[in-house]
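A.B. asks: Starting from the given sequences, assemble the full structure and let the hints guide the process.
Under the numbering used here, think of the first position of the sequence shown as 77, with each following residue one higher.
Each computed PhoX-like pair below joins lysine-lysine, with the alpha-carbon atoms no more than 20 Å apart:
1. Lys108 <-> Lys87
2. Lys218 <-> Lys228
3. Lys178 <-> Lys228
4. Lys95 <-> Lys108
5. Lys228 <-> Lys211
Read the hints as simulated data drawn from the structure, not as lab findings.
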Amino acid sequence: QIDVNGLQPGKQHPAALIKQALINNRVISEIKDQLATACLPLATPHRQYGVLWLTVPEAIWVNQRYSDDLHTLANQAALALERGILLVETQQQREQIQSAYKELEITYDQTLISLSSAVDARDKETEGHCTRVSKLTYHLGKQLGLPIEQLKSLERGALLHDIGKIGISDNILLKPGPLDKDEWEAMRQHPDIGARMIEGIPFLQDAIP
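C.D. replies: What follows is the structure in structure tokens.
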């Protein structure tokens, strides 16, 4: 509540008139002792925010121009409130989306680590190799000044660079001796096999090349 003395605690709010204005969503006024108490809803087509109320001399309130100006003020105040609230809500939604995206990204990365572990499980001699290459590649990209999006793609691509070995026969992959020409040819196919394995996963498209 504001009057000529400044901000007041608001003990004289016309509660009954305010309630009527809120329920009916229209201007409610009461004239008593040549004073008019008017309540103008603060509302937009989407929401009702409250009521602007004031007490003025009766002669001022019945002046059409003054009344129109008050309606304009109430409408502008409601729009300003709506914009402010929408701005806060939009920011909150943006933060929620970013949080959900981060959680999703963490889940994706954990899945990729599990996939690379599946390769390690087949070839004990290179256990941990994919993880080490991924970390080294990430740091190398960082030193080169790559943006964070490219760093993530590089890190994921490195983590999965041997994933195609899942499609290589154990007779070749686990052969204790040297590989012959045909076996080497088959072994060299593992990057292409890996690329085909993940080509249908949208978030890994940048990691494939």
